[in-house]
Amino acid sequence: MAGEKVALKHGAGGRAMRALIEDVFLALASPVDGIGLSALDDGAALRVGDRWLVVTTDSHVVHPIFFPGGDIGRLSVCGTVNDLAMMGATEPLALTCAVILEEGFARADLERIRDSMLEASREAGAPIVTGDTKVMGRGEVDGVVLNTTGVALADRVVSDAGLRPGDRILVTGTVGDHGMAVMTRRHQLGLEGDLRSDVAPLNGLVREALRAGGEDVVAMKDPTRGGLASVLHEMAGKAKVGVVLREPDVPVNPEVRAACEVLGIDPLVVANEGKAVIGVRPAAADRVLAALRAHPLGRRAAIVGTALAERPGQVILDTGLGRRLLAEPDGEPLPRIC
Amino acid sequence: MCLGVPGKVLTISEDGLSALVDFFGVKRELRLDIVDEPVQPGDYVLNHVGFAIRRIPPSEVAETLALFDQILKEAGSGDLMAEDVRGEIASGKERDRG
Amino acid sequence: MASALDELKFRDPEKARALTEALAREVEAVGRAPVSVMHVCGSHEQAIARFGLRAAFPRGLDVIMGPGCPVCVTDTPEVDEAVALAAQGARVCTYGDMLRLPGTSRSLADAQAEGGKVEVVYSVSQAVDLARQRPAEQVVFFASGFETTAVATAAVVLAGVPENFSVLSAHKYVPAAMDVVSEMKETNIEGFVAAGHAATITGWGIFEPFARRTGNPVVVAGFEPLDVLAAVLELVRLIRLKRAEVVNCYPRCVTREGNRPAQEKLWRVFDVVSGNWRGIARVPRGNLELKPEWDRVNARRRFQIDTAAVGGAARNTLADQCICGSIMSGLAKPDQCVLFGKECRPESPVGACMVSSEGACKIWHVYGGHPDLQEVA
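Heads up: the protein sequence lines correspond to chains F, W and C, in order. Numbering-wise, our numbering puts 147 at position 147 of the first sequence, and it's gapless, one number per residue. Just add 1000 to the spot in the second sequence (first one is 1) and you have our numbering. Just add 2000 to the spot in the third sequence (first one is 1) and you have our numbering.
Next up, chain F with everything else stripped away, as it sits in the complex:
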């Protein structure tokens, strides 16, 4: 990390955050029987007998805490359930919930958040079994911070590093919904239009994909902060393959496309909270796609890219009209204001 102080970009899910983690936190890693910290995957997977114990944790600081399509409560449950699912653990055993509240936080808001968490927990089949509560003084924390940790047992772990040249890359639905819904609210950009977060638990959807694809599902990751671009860079980098992404094949809702066009933001770098990127061996790609589309959360699933032997670690964007490299996102996309 070049500077002496942490900057906002270090939490934004892109290059800078990865650099911070590698420079500062990787030193915490120690060898484990399984996938540990050094893999920098969505979670950890520890061998227990002939199965895997998958563990993941996430802190949620989204603002505004209530947004079209969801709130921080729903986000905290789904985010963790989804990280488990991305490792192949689609049957969550349990979630924890630790909350840090700012003095003065409205009780009614807290109960609304709790109701969302309960609903999401039921949707995912992931019971919340323990937690922690702290209150900090006014101004010492911004409203509410929620941390959830999830555990699950899995027979097979899917990493994000398994791509080989020729593998197909699928996305389970439209991209950019969550980030644009939150951003336009947060910055009060004077935009109207039906922008809703896609926040949803994906374990059921992923279960279907794994059932259809089995061992041919070789990489999975959810495109949260940093969007699809970030995930493709990670998958390409870890597997040492190139990736070509067909821009015209990436599903984007018209409202999201419009908001992005006007603000000068690329939907490919915008956060999603109800989508997965799945790498599949070519023979199984159509099968997995069909299974995704048969599920309510996967109706807009599409095959959007292919892994290549050339240009390891790089992502090529086929725009339909030409080609260029897709840059790895650095930090939070700020609107280019017209």
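FYI, nobody ran anything at the bench for these hints, they're computed from the structure. The model shown is predicted, which means the values in this text are computed figures rather than measured ones. Do not rely on the hints blindly, as some may be mistaken.
Cβ-to-Cβ under 10 Å is the rule here; a few derived chain F residues that face chain C [as the list claims (entries may be wrong)]:
#1 Ala-16
#2 Met-17
#3 Arg-18
#4 Gly-36
#5 Leu-40
#6 Gly-264
#7 Gln-314
#8 Val-315
#9 Ile-316
#10 Asp-318
#11 Thr-319
#12 Arg-323
#13 Leu-326
#14 Asp-330
Straight-line distance between alpha carbons at most 27 Å, and here's what the computed DSS-like set of lysine-lysine pairs gives [as the list claims (entries may be wrong)]:
#15 F:Lys-5 with F:Lys-240
#16 C:Lys-2009 with F:Lys-5
#17 C:Lys-2342 with W:Lys-1073
#18 C:Lys-2342 with F:Lys-9
#19 C:Lys-2185 with C:Lys-2333
In this text, a Cβ means the ideal position worked out from N, Cα and C, and glycines have one as well.
Chain F is already provided as a structure; the job is to place chains W and C on it using the hints.
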């Protein structure tokens, strides 16, 4: 700097100096000081830094696409002169090799 | 009836393929390589880079960006004037791109960090509103942009501004960009793509004397990918046929006479004067300054601007290795600069071309660093 995105005029202000314009579902208020023609709701205008700079006639999209087709036709095989020139070059190449 | 989504017809891949195939045939028919053409508009470079068009262009065609970024060519002393005014207590309003443009020792962002009142505005009318809201302050609008943007400044001046508002003009006149390049000995530019939105204001007729004088054809292009492809195709055809003409490929926005009401306002408020462009030195008839009758709203006349106070040693020694001047003149490409993507990045720009969203280096960086992928099939 704004790219100059076209938008659809929804309403004109009472004093006629500004308009509410819809860009792909996103609404902005634009000033009308420098637009080249009077503007009505339903018109399309080009925006630059908060000012409408051009009223885009509705027929222009179709006309532009036709222009592209014409350019395509004139270029390459549609242009007799081009064929002559290519023929010359081709025969020139033959000669140089011989 | 046109709909905004009709613009997407200008991104049709089928049509694009037909145009690029025709372009390959045209370039080949010219019979020599490379055929070099230049555009002078950041928005054209954005369209080319974003859609990866250079990968689709034939190998024998070089489409080069010239000095088409008005922020990039805003010279250091002009930035110093704005920084000095902020230091002298004025509230300086400017378009976002100007914030981090380096002055001799400081940018406006630096001035802001040091406590100066610097505001980013999205429109000049916002700056006027600010002045109305703060009658006790001097509000200065640091006006950047080519004539498309200058008309907005002219419009607000003519509509009447409060006493505490003034304009520090760094506006530039885009036809001068083409003159400058065509006069350079080292250049092989054979044709120009004119900036479509500047031409919306000025009309395409103003390029006819240029075409006659230089023997270079000029096409006017819009900003969707098909606009660019069709215009470049037409330009190469004109080059092949040795026709020094002006062809308007953007008829939905550009006419021969242009936007008369806008021109009228522009020339009631501004004169074209000579000045320096960053990286290119003296450019005759390239700057737009307020006419003498508008001295009362001209910040240069209202204030004694003390730029000596904000001068001093350049803080960034990397500036020696910056080749923005060559890049803007079309003699080098961003990825030929040793600093590109390393010491010089959007979050830590060394040169002007990396600061502005219309700058070649910034655009190339945003769109993958090397947007002309030519070796990937």
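Results of checking the hints against the structure:
With 10 Å as the threshold, the beta carbon of Ala-16 (chain F) comes within range of chain C, its nearest partner Cβ sitting at about 9 Å, so the hint holds. Given the 10 Å rule on beta carbons, the hint for Met-17 (chain F) is violated: about 14 Å separates it from the nearest Cβ of chain C. Annotation: Arg-18 (chain F) was flagged as interfacial toward chain C, and the flag is violated, the nearest CB pair being 15 Å apart, outside 10 Å. Given the 10 Å rule on beta carbons, the hint for Gly-36 (chain F) is violated: about 32 Å separates it from the nearest Cβ of chain C.
The closest approach between the C-beta of Leu-40 (chain F) and any C-beta of chain C is roughly 23 Å, which is over the 10 Å cut-off, so the hint fails. The restraint placing Gly-264 (chain F) at the interface with chain C holds, with a minimum CB-CB distance near 8 Å, inside the 10 Å limit. Hint status for Gln-314 (chain F) relative to chain C: holds, with the closest Cβ pair at about 8 Å, below 10 Å. The closest approach between the C-beta of Val-315 (chain F) and any C-beta of chain C is roughly 8 Å, which is under the 10 Å cut-off, so the hint is satisfied.
Residue-level restraint check for Ile-316 (chain F) holds (minimum Cβ-Cβ distance to chain C is 6 Å; threshold 10 Å). For Asp-318 (chain F), the shortest C-beta to C-beta distance to chain C is roughly 8 Å, which falls under 10 Å, so the interface hint holds. Interface hint at Thr-319 (chain F): satisfied, since its Cβ lies 5 Å from the closest Cβ of chain C, which is below the 10 Å cut-off. Proximity of Arg-323 (chain F) to chain C holds as hinted, the smallest CB-CB distance being about 4 Å (cut-off 10 Å).
Residue-level restraint check for Leu-326 (chain F) holds (minimum Cβ-Cβ distance to chain C is 6 Å; threshold 10 Å). Among the interface hints, the one on Asp-330 (chain F) holds; its C-beta lies about 7 Å from the nearest C-beta in chain C, closer than the 10 Å criterion. A hinted pair counts as satisfied when its Cα atoms are at most 27 Å apart, and Lys-5 (chain F) with Lys-240 (chain F) does not qualify at roughly 31 Å. Using a Cα cut-off of 27 Å, the hinted pair Lys-2009 (chain C) and Lys-5 (chain F) is violated, with the two alpha carbons roughly 47 Å apart.
Proposed proximity of Lys-2342 (chain C) and Lys-1073 (chain W) is contradicted: the alpha carbons are some 45 Å apart, above 27 Å. At most 27 Å may separate the alpha-carbon atoms for a hinted pair to count; Lys-2342 (chain C) and Lys-9 (chain F) meet this at roughly 18 Å. Taken as a hint, the Lys-2185 (chain C) and Lys-2333 (chain C) pair is honoured in the structure, with Cα atoms around 18 Å apart against an allowance of 27 Å.
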